[in-house]
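Protein chains: 2
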Amino acid sequence: MKKKLAQLKTILEEVDDLSRANALLGWDQQAYMPPGGAQARGSIMGTVSKIAHQKFTSIEVGKLLKDLNSKVSDLDPDSNDARLIKVTQRDFEKATKVPSEMVAERAEMASVGGLAWRQARENSDFPSFESHLEKVVDWNQRYAELFAPYDHVYDTVLDNYEPNMKTAEVQAIFNDIRPKQVELIKAIAEKKQADDSFLHQHFDEQKQKEFGAEVFTQFGYDLNRGRQDKVTHPFATNLGYGDQRITVRFGEDFFNPYIFGALHEAGHAMYEQGIGEELARSPLYGGASLAVHESQSRMWENLVGRSRQFWSYYFPRLQEVFPSQLGNLSSEEFYIGINQVKPSLIRVEADEATYNLHIMLRLEIEIAMLEGSLEVKDLPEVWNSRMQEYLGITPPDDAQGVLQDVHWSMGYLGYFSTYALGNLISVQLWEKIQEDIPDLYDKIENADFAALLSWLRDKIHRHGAKFEPQELIQRITGSKINGGPYLKYLKDKFTEIYKL
Amino acid sequence: MKKKLAQLKTILEEVDDLSRANALLGWDQQAYMPPGGAQARGSIMGTVSKIAHQKFTSIEVGKLLKDLNSKVSDLDPDSNDARLIKVTQRDFEKATKVPSEMVAERAEMASVGGLAWRQARENSDFPSFESHLEKVVDWNQRYAELFAPYDHVYDTVLDNYEPNMKTAEVQAIFNDIRPKQVELIKAIAEKKQADDSFLHQHFDEQKQKEFGAEVFTQFGYDLNRGRQDKVTHPFATNLGYGDQRITVRFGEDFFNPYIFGALHEAGHAMYEQGIGEELARSPLYGGASLAVHESQSRMWENLVGRSRQFWSYYFPRLQEVFPSQLGNLSSEEFYIGINQVKPSLIRVEADEATYNLHIMLRLEIEIAMLEGSLEVKDLPEVWNSRMQEYLGITPPDDAQGVLQDVHWSMGYLGYFSTYALGNLISVQLWEKIQEDIPDLYDKIENADFAALLSWLRDKIHRHGAKFEPQELIQRITGSKINGGPYLKYLKDKFTEIYKL
Numbered sequence: 001m002k003k004k005l006a007q008l009k010t011i012l013e014e015v016d017d018l019s020r021a022n023a024l025l026g027w028d029q030q031a032y033m034p035p036g037g038a039q040a041r042g043s044i045m046g047t048v049s050k051i052a053h054q055k056f057t058s059i060e061v062g063k064l065l066k067d068l069n070s071k072v073s074d075l076d077p078d079s080n081d082a083r084l085i086k087v088t089q090r091d092f093e094k095a096t097k098v099p100s101e102m103v104a105e106r107a108e109m110a111s112v113g114g115l116a117w118r119q120a121r122e123n124s125d126f127p128s129f130e131s132h133l134e135k136v137v138d139w140n141q142r143y144a145e146l147f148a149p150y151d152h153v154y155d156t157v158l159d160n161y162e163p164n165m166k167t168a169e170v171q172a173i174f175n176d177i178r179p180k181q182v183e184l185i186k187a188i189a190e191k192k193q194a195d196d197s198f199l200h201q202h203f204d205e206q207k208q209k210e211f212g213a214e215v216f217t218q219f220g221y222d223l224n225r226g227r228q229d230k231v232t233h234p235f236a237t238n239l240g241y242g243d244q245r246i247t248v249r250f251g252e253d254f255f256n257p258y259i260f261g262a263l264h265e266a267g268h269a270m271y272e273q274g275i276g277e278e279l280a281r282s283p284l285y286g287g288a289s290l291a292v293h294e295s296q297s298r299m300w301e302n303l304v305g306r307s308r309q310f311w312s313y314y315f316p317r318l319q320e321v322f323p324s325q326l327g328n329l330s331s332e333e334f335y336i337g338i339n340q341v342k343p344s345l346i347r348v349e350a351d352e353a354t355y356n357l358h359i360m361l362r363l364e365i366e367i368a369m370l371e372g373s374l375e376v377k378d379l380p381e382v383w384n385s386r387m388q389e390y391l392g393i394t395p396p397d398d399a400q401g402v403l404q405d406v407h408w409s410m411g412y413l414g415y416f417s418t419y420a421l422g423n424l425i426s427v428q429l430w431e432k433i434q435e436d437i438p439d440l441y442d443k444i445e446n447a448d449f450a451a452l453l454s455w456l457r458d459k460i461h462r463h464g465a466k467f468e469p470q471e472l473i474q475r476i477t478g479s480k481i482n483g484g485p486y487l488k489y490l491k492d493k494f495t496e497i498y499k500l
Numbered sequence: 001m002k003k004k005l006a007q008l009k010t011i012l013e014e015v016d017d018l019s020r021a022n023a024l025l026g027w028d029q030q031a032y033m034p035p036g037g038a039q040a041r042g043s044i045m046g047t048v049s050k051i052a053h054q055k056f057t058s059i060e061v062g063k064l065l066k067d068l069n070s071k072v073s074d075l076d077p078d079s080n081d082a083r084l085i086k087v088t089q090r091d092f093e094k095a096t097k098v099p100s101e102m103v104a105e106r107a108e109m110a111s112v113g114g115l116a117w118r119q120a121r122e123n124s125d126f127p128s129f130e131s132h133l134e135k136v137v138d139w140n141q142r143y144a145e146l147f148a149p150y151d152h153v154y155d156t157v158l159d160n161y162e163p164n165m166k167t168a169e170v171q172a173i174f175n176d177i178r179p180k181q182v183e184l185i186k187a188i189a190e191k192k193q194a195d196d197s198f199l200h201q202h203f204d205e206q207k208q209k210e211f212g213a214e215v216f217t218q219f220g221y222d223l224n225r226g227r228q229d230k231v232t233h234p235f236a237t238n239l240g241y242g243d244q245r246i247t248v249r250f251g252e253d254f255f256n257p258y259i260f261g262a263l264h265e266a267g268h269a270m271y272e273q274g275i276g277e278e279l280a281r282s283p284l285y286g287g288a289s290l291a292v293h294e295s296q297s298r299m300w301e302n303l304v305g306r307s308r309q310f311w312s313y314y315f316p317r318l319q320e321v322f323p324s325q326l327g328n329l330s331s332e333e334f335y336i337g338i339n340q341v342k343p344s345l346i347r348v349e350a351d352e353a354t355y356n357l358h359i360m361l362r363l364e365i366e367i368a369m370l371e372g373s374l375e376v377k378d379l380p381e382v383w384n385s386r387m388q389e390y391l392g393i394t395p396p397d398d399a400q401g402v403l404q405d406v407h408w409s410m411g412y413l414g415y416f417s418t419y420a421l422g423n424l425i426s427v428q429l430w431e432k433i434q435e436d437i438p439d440l441y442d443k444i445e446n447a448d449f450a451a452l453l454s455w456l457r458d459k460i461h462r463h464g465a466k467f468e469p470q471e472l473i474q475r476i477t478g479s480k481i482n483g484g485p486y487l488k489y490l491k492d493k494f495t496e497i498y499k500l
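Read top to bottom, the protein sequences are chains A and B.
If you number the first sequence the way this note's numbering does, the last residue is 500 and the count never jumps.
If you number the second sequence the way this note's numbering does, the last residue is 500 and the count never jumps.
These are calculated hints, taken from the structure and not from any lab test.
Among the hints, a few may not be true.
Copies of the same chain are indistinguishable here, so a pair counts whether it falls within one copy or spans any two.
Once the Cα atoms are required to be at most 27 Å apart in a straight line, the calculated BS3-like pairs of lysine-lysine come out as [stated by the list, open to error]: (1) K9 to K63; (2) K230 to K207; (3) K459 to K342; (4) K493 to K2; (5) K9 to K377; (6) K191 to K94; (7) K9 to K55; (8) K230 to K209; (9) K180 to K3; (10) K71 to K230.
All chains, please: the whole structure from these sequences, using the hints.
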């Protein structure tokens, strides 16, 4: 068994190396590649992915897995080796079920679709995007059938981002919290708007960047194993053990996009920096799921970064950096301003109270499309009526409505709900952390994040992808993923701020 | 034949894609990678190289080549397809002759050796580097034997950088010019030194960078298909069709390193930007040889960038950028200063008149080591006595002598002479260009480089690696590579400057 395991690991190391190479190709594409390189970059990334896929789905891997599975019961089921075999088996089964023509078709679809989407959004022209989106739905429907039988057709795509999570579970969670979030937002809307006009001024890019680095290195994001670079659409990426980078953007005359984006991405990067070195170069070298990943980014962005205690420490520091813009403000006024709740059209700019509703409408639409009960051409109508129902606003055009996100154009169905689930998980964990670290907020007020990071490292980060998301959250908090804690957090926070 | 050729091309495309991925991994390693990423990066690059090598040396490629070679006589021997088959056959034979253990041994040697060299140089401790260098020599001796019989043992390693060039040819060329260059330098040394003190001042990095970009984009280096980034040891790299980048360094209080380095690397990048798109993703997608490549970089750096006419146009512009440093100087004084001839210890900082002598002593040492007639432990002594003989100076320590270059530590033997050959070729071409473009210097004086670049594109760049270096130079100039034109250029230029 030892020898076969070593053989498997060697192949998996090479597969991981290739995927890190592709991550660098992707990072560079967004951050530094000159425009002329676009086409060649597509070929290079295509070749690297294809070879990684071939290596991973080889007959040799299949044989090794078969042999290893017959003896896996000899191992401690929580050991790295047992989990490695389990996760590799799961990924292998999925990867080998999809015919290579469908893999190629998907890559082609993503590349053509990205372009079609950009043009459609630019011209706010949904009809020009319809036929492309129909192809995406069709591809995903055929994909789903490869995994029949299923409880719900949407389970098959959700599983790609949340291993073993079921559509019914997500629906139950969302159905529970949706009316309560809608109610909360309505209550807030009746109150006086928080003033955030001071956030809409010019803030020097370089100074913002240095302030961000000051904060997130204090969090524990290690720049000897990372860096921040400017892009249009920020993300975090893992380029191999010891190299986890974030990318950031700057609002032209708006403070929020950089700082909250940077703290968010730093949260993702700290997760990856905390994965045990012994898991590197294997399928366990990554987060448990997208939602668990998002719980980390949202925790540092929101639970820490939008808290009163955080700004009690950092606002005076920020005033030193931007005296003319913020010199006359109190820390409390700043806190209120950055926590303004205001239903808005664009998901990525939404506040903590409204964000999940953007996700819920997308999930409903995705499910209906995949089920075949909603035709693509009817999307704008459904989108706009849901926006009115949940948030009380209607997009003036499709560019600010149904065309705002890139995901569908790339072929991704099943992705969106992870954003909202991440919010929920972040507060479930936060409650547990407050039990374990009773003076958590005092520590935050002193910019002392060591105990928090160390808790996250121990409970979550170091395990990488060893545990499925529900299993992990259950182990840590004693409950499955649910919306109760998040709702309570929202109510408490905004009742206080808005004097509800 | 058509079908087999298409099959071969598909494999070669993938091999090229992998090598471009590795080029990006290498570029990032030098330009942006955080220190923590070093080890993982080594594994990733190792895996990508290994897979590229496996693909290229596969039985399938061998079979396809065999079939294609039997029919290659049906093709025009200068056609892209005929040349592709020829070059691929040549590279395949070489790549398959080296056992994979030796390939791995070499990678290990390069990685360990780089570290050993850095430490040895830091402490100026040659003995600590001896055993490593002995391994490098031993590896190269074993490598050479794989290619027996040969005319000269050194032919086998030279061929890796200058396809089909013979040691005897290089020795004949160098033996011809060495005494004449030594004589010239002695004559200059008896004259009054040119004043270059104004170059040793502080010049703002960002302003230097912008000035450099102004110049090299006027040359024709297209930044929509390139970019410049800061590193410790500058280089140019090709990341796939449409993406050719340069890297640059800045002297802390010295003008020369940035600008002449940038023009040099831009010369390399323009070569790669000029290769025909139909050659992309194939073994023909690159320069004819390192020497031909160097002829392009040295031409833009020296023949253009250190000419009186060039600075007659650009010096007033440079004065606008650095008025306090250069405001009181004449263009002529600047021209004299940047052309100061002064025997110095470090190759990369050498002027046009002394540079080749640094190369010749290295070549002599390499040949003697490979022949086994010089023991590694005796290197410092030989180095220092040659420096005294050729340049009239003796290094105060080995860090500034035999330990200054990285090449040997990485296992490269056979590389150095390409630098000097590049100088010679640049002037051979330059003579021909002046015949074809009689008002070349007038054009340079007006910053009009279009005719020059177009000549280079047509005669050299577009052909990529279709022709071997001697064949290419012979086709263009009617002569093989030789030192006559370079010697004449040096004599004319420095007789005038130094009033010899």
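Which numbered hints does this structure break? The structure conflicts with hints 3, 4, 5, 6, 9, 10, although it agrees with all the remaining ones.
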